Amino acid sequence: MTRSTLLSALWLLAATAFAQQREIRNPHTTPADVAAGAKIFRGHCGECHGLKGEGGRGPSLITGVYYHGATDEDLFNNITDGIPGTSMPGVFFSGDQVWQLVSFVRSLSASKAAPPKGDIARGERIFREKGCQGCHLVRGEGGVNGPDLTLIGSQRSPEHLRRAIVAPGDKVLRDHWVAKVTLENGKSYSGFILNEDTHTLQILEQQQGLQSLTKRDFNRYSVEKTSTMPSFARQLKEDELNDLVAYLHSLERKGGSR
Amino acid sequence: MKYLPFLLLACTAFGQVTFDRLLKADAEPHNWLTYSGSYKGWRYSGLNQINKANVKDLKLSWVYQMPVTHRVETTPLVIDGVMYLSEPPSNVVALDAATGRQYWRYRRSLPSKINVCCGQVNRGVAVSGDRVFIGTVDAHLVALNAKTGAVLWDIEVADYKSGYSVTVAPLIVKDMVITGIAGGEYGIRGFLDAYDIKTGQRRWRFWTIPGPGEKGHETWSGDAWKQGGGPTWVTGSYDAEQNLIIWGTGNPSPDWNGDVRPGDNLYSDCAIALDADTGKLKWHFQFVPHDVHDWDAVQVPVLVDTEFQGRQRKLVYWAHRGGFYYVLDRTTGKFLLGKPFATQTWANGLDANGRPMRKQGIDPTPEGVEVWPGVQGATNWYSPSYNPLTGLFYLTAWENKGLYRKGDAEYVAGNRYIGSVPKIDLEDEPGYGAIRALNPKTGERVWEHKLHTKPWSGVLSTAGKLVFAASGGWITRDRQEMEAWFYALDADSGKELWRINLGGDMSTSAITYAVNGKQMVTMAAGSAIFTFTLP
Numbered sequence: 000m001t002r003s004t005l006l007s008a009l010w011l012l013a014a015t016a017f018a019q020q021r022e023i024r025n026p027h028t029t030p031a032d033v034a035a036g037a038k039i040f041r042g043h044c045g046e047c048h049g050l051k052g053e054g055g056r057g058p059s060l061i062t063g064v065y066y067h068g069a070t071d072e073d074l075f076n077n078i079t080d081g082i083p084g085t086s087m088p089g090v091f092f093s094g095d096q097v098w099q100l101v102s103f104v105r106s107l108s109a110s111k112a113a114p115p116k117g118d119i120a121r122g123e124r125i126f127r128e129k130g131c132q133g134c135h136l137v138r139g140e141g142g143v144n145g146p147d148l149t150l151i152g153s154q155r156s157p158e159h160l161r162r163a164i165v166a167p168g169d170k171v172l173r174d175h176w177v178a179k180v181t182l183e184n185g186k187s188y189s190g191f192i193l194n195e196d197t198h199t200l201q202i203l204e205q206q207q208g209l210q211s212l213t214k215r216d217f218n219r220y221s222v223e224k225t226s227t228m229p230s231f232a233r234q235l236k237e238d239e240l241n242d243l244v245a246y247l248h249s250l251e252r253k254g255g256s257r
Numbered sequence: 000m001k002y003l004p005f006l007l008l009a010c011t012a013f014g015q016v017t018f019d020r021l022l023k024a025d026a027e028p029h030n031w032l033t034y035s036g037s038y039k040g041w042r043y044s045g046l047n048q049i050n051k052a053n054v055k056d057l058k059l060s061w062v063y064q065m066p067v068t069h070r071v072e073t074t075p076l077v078i079d080g081v082m083y084l085s086e087p088p089s090n091v092v093a094l095d096a097a098t099g100r101q102y103w104r105y106r107r108s109l110p111s112k113i114n115v116c117c118g119q120v121n122r123g124v125a126v127s128g129d130r131v132f133i134g135t136v137d138a139h140l141v142a143l144n145a146k147t148g149a150v151l152w153d154i155e156v157a158d159y160k161s162g163y164s165v166t167v168a169p170l171i172v173k174d175m176v177i178t179g180i181a182g183g184e185y186g187i188r189g190f191l192d193a194y195d196i197k198t199g200q201r202r203w204r205f206w207t208i209p210g211p212g213e214k215g216h217e218t219w220s221g222d223a224w225k226q227g228g229g230p231t232w233v234t235g236s237y238d239a240e241q242n243l244i245i246w247g248t249g250n251p252s253p254d255w256n257g258d259v260r261p262g263d264n265l266y267s268d269c270a271i272a273l274d275a276d277t278g279k280l281k282w283h284f285q286f287v288p289h290d291v292h293d294w295d296a297v298q299v300p301v302l303v304d305t306e307f308q309g310r311q312r313k314l315v316y317w318a319h320r321g322g323f324y325y326v327l328d329r330t331t332g333k334f335l336l337g338k339p340f341a342t343q344t345w346a347n348g349l350d351a352n353g354r355p356m357r358k359q360g361i362d363p364t365p366e367g368v369e370v371w372p373g374v375q376g377a378t379n380w381y382s383p384s385y386n387p388l389t390g391l392f393y394l395t396a397w398e399n400k401g402l403y404r405k406g407d408a409e410y411v412a413g414n415r416y417i418g419s420v421p422k423i424d425l426e427d428e429p430g431y432g433a434i435r436a437l438n439p440k441t442g443e444r445v446w447e448h449k450l451h452t453k454p455w456s457g458v459l460s461t462a463g464k465l466v467f468a469a470s471g472g473w474i475t476r477d478r479q480e481m482e483a484w485f486y487a488l489d490a491d492s493g494k495e496l497w498r499i500n501l502g503g504d505m506s507t508s509a510i511t512y513a514v515n516g517k518q519m520v521t522m523a524a525g526s527a528i529f530t531f532t533l534p
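Read top to bottom, the protein sequences are chains G and H. Residue numbers for the first sequence follow numbering that gives the first Met the number 0, so the first one is 0 and each next one is one higher. Residue numbers for the second sequence follow numbering that gives the first Met the number 0, so the first one is 0 and each next one is one higher.
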């Protein structure tokens, strides 16, 4: 056993014993700890989770949603030991270093701690009045010309939400690229690309819902990477924009391990 | 001739795999005796019951579901009606090859924390006599009884706590089990080992990273060699006439930051040829000196004796991860021919000795540099195939570029030591995959079968003039950007003749065998083994 595993083993032992009384809290949460954690993350984790935790071969760590447990102790254990049955490896760092990693991972979704200022109820009203719902679903109500926003608060930062409203099309995410298809028989389809392989295409069609198409039948197929969302920069006052962002930010995952 | 008595003893019993049988694997195409089907590394079968005319009728015969969640990379072996295969992380199962029903299962108990670069995987077992051999992710080599799965011996190959693991399928040569090692992302010092089949005692070790006083050590600086990498994680080939084991080696460590290891970094990214009895190096050929892109040379060496440029020669065909296809002379390692088989932007070609003429500005930087091929290479460890009937060389190719970023590399035993965070897929330009056929004597492309995604699986070709191949993709937890088509292609034209959606990640290459007079084709997808036959 190396020194560092011994240390982390001791930590865990202490942690487990302690857990019977009280929740284990991360003892390394200063800005210097976050910075130290960031450095380790770049060298050892970013390969899979992305340099900024945005995801890649491993899942995104910026949503604040954890499927394998969300307490400090869970994160500590998952990072130390890895996640069995997946490609998430364990590490041979000291317990202190793992806590610094936990701090950094937490900082990736820290915007949760300070919600944007703005009035959520007013934001919801504006959302309806400005016709956002014509294109966007929220909890099953609305259109599908734009992405479903039911969980958008868990998925995106307030800054991203603000930008999406005033400058749509700045950078259209791959999830929002639109397939335009015309079949040999003249029928045409337009919708977000859900999945694609060599022979088939699965889309959320704007009028007809879920559609699975066979490429053999295609006459024309193009992918549009531009946004059809109009900019609301001119139509919204600063405080209305804040209210909207606060509302969207409040749309987050309920239930599950938080 | 040390092995002769052993041979004589064993060759009569049914189900007993002798060295002689391995040497003449071609003579029994109903079996699949080694990782690549034969010592020549062809992944070719002489069976032709399933052929161009009838493959359209191919139907599922049976499925074996593994009770595991790790990625499946196994190549099963089939010996006289029994299929032996590994399950990840390091289990072994014996099945009835006709029905998929289990005979026995060896389940390895493992330490809780094991670090393998890309998941706790295993690529297969080896069989000799009545013994089955498996390398384990905790870096042991284990011998099992082929009838019961009982452990005969279990030895430590290296210390798993320092990032060593065994994922490669072993290769039997004479009375030895040859095994490689993995851990190129953990700063290991690579080697190739030979163990006595009976006792598990080590016969020899060849360090792929030479130590002080050894030839090649001068291509390293300071202490970098101690964590120099050069793993040997894909099964090599054996040239019986010359008694040479020919094997590929992986990247130097750390992968994408070469600052601590100025020099050519021998014998990383090499084809090495070792005397099978002594483990001494006979020749080597380095594909990429001082690699900083993780372009392992862990491809299966394809050994062919043929007329080449006017005279009969012993050759090795090799399509390397960096995007060039090579022909080497197998007696000397001499470079004979090299030509790109996929888009590459890092070299202005190869010089007279096969050394790449590197371009400026292709090395990773902190901001990132775009280079073709991408981080997973233009091909990788999945098997190529050579078909003597068509004379063509088949392989899986990736057409994509990667963003190579350089980062810090600090060695801490047991932790990752990679020196960067490269990007495999550029969101907007993921590229595509293809199955390609090359004229192996010229490197010229004969046909291409294009795929939407980039496969993680290799190819099998048969005397039915078929190529079995698969599509692929990338699974992340939140999104499945993958496809799972398993294909039979026309070996002459690349035209699709049959396909089925197996619905799971395919990270291995198919095999074929016959049982009760029926030819079967087997491919692993997801956590299952699918076997097909004609109705």
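Since the hints were made in silico from the structure, they are not lab data. Quick caveat: nothing in here was measured; it's all calculated off a predicted structure. Any given hint could be a false lead.
Unchecked claim - Label pairs and their computed distance ranges (CB to CB):
(1) H/Gln308 x G/Leu172: 48 to 54 Å
(2) G/Leu182 x H/Leu533: 32 to 38 Å
(3) G/Asn184 x H/Leu533: 31 to 37 Å
(4) G/Thr70 x H/Thr198: 48 to 54 Å
(5) G/Gln201 x H/Lys358: 37 to 43 Å
(6) G/Gly84 x H/Thr342: 48 to 54 Å
(7) H/Arg104 x G/Leu136: 45 to 51 Å
(8) H/Ser492 x G/Gly130: 50 to 56 Å
(9) H/Gln64 x G/Leu182: 36 to 42 Å
(10) G/Thr199 x H/Arg104: 33 to 39 Å
As the list claims (entries may be wrong) - Within a straight-line C-alpha distance of at most 30 Å, the following computed DSSO-like cross-link-like pairs (lysine-lysine) qualify:
(11) H/Lys440 x G/Lys179
(12) G/Lys51 x G/Lys116
(13) H/Lys23 x H/Lys197
(14) H/Lys464 x H/Lys358
(15) H/Lys449 x G/Lys186
(16) G/Lys51 x H/Lys51
(17) H/Lys160 x G/Lys38
(18) H/Lys494 x G/Lys186
(19) H/Lys112 x G/Lys51
(20) G/Lys224 x H/Lys449
(21) H/Lys51 x G/Lys179
(22) G/Lys38 x H/Lys440
(23) H/Lys281 x H/Lys197
(24) H/Lys422 x G/Lys38
(25) H/Lys449 x G/Lys214
(26) H/Lys279 x H/Lys225
(27) H/Lys112 x H/Lys422
(28) G/Lys186 x G/Lys214
(29) H/Lys112 x H/Lys51
(30) H/Lys279 x H/Lys160
(31) G/Lys170 x H/Lys422
(32) G/Lys214 x H/Lys51
(33) G/Lys51 x H/Lys160
(34) H/Lys23 x H/Lys112
(35) G/Lys129 x G/Lys51
(36) G/Lys224 x H/Lys422
(37) G/Lys38 x G/Lys51
(38) G/Lys214 x H/Lys23
(39) H/Lys440 x H/Lys422
(40) H/Lys58 x G/Lys214
In this text, a Cβ means the ideal position worked out from N, Cα and C, and glycines have one as well.
Which numbered hints are broken by the structure, listed smallest first?
Those not satisfied are hints 6, 11, 14, 16, 21, 22, 29, 34, 35, 38 and 39.
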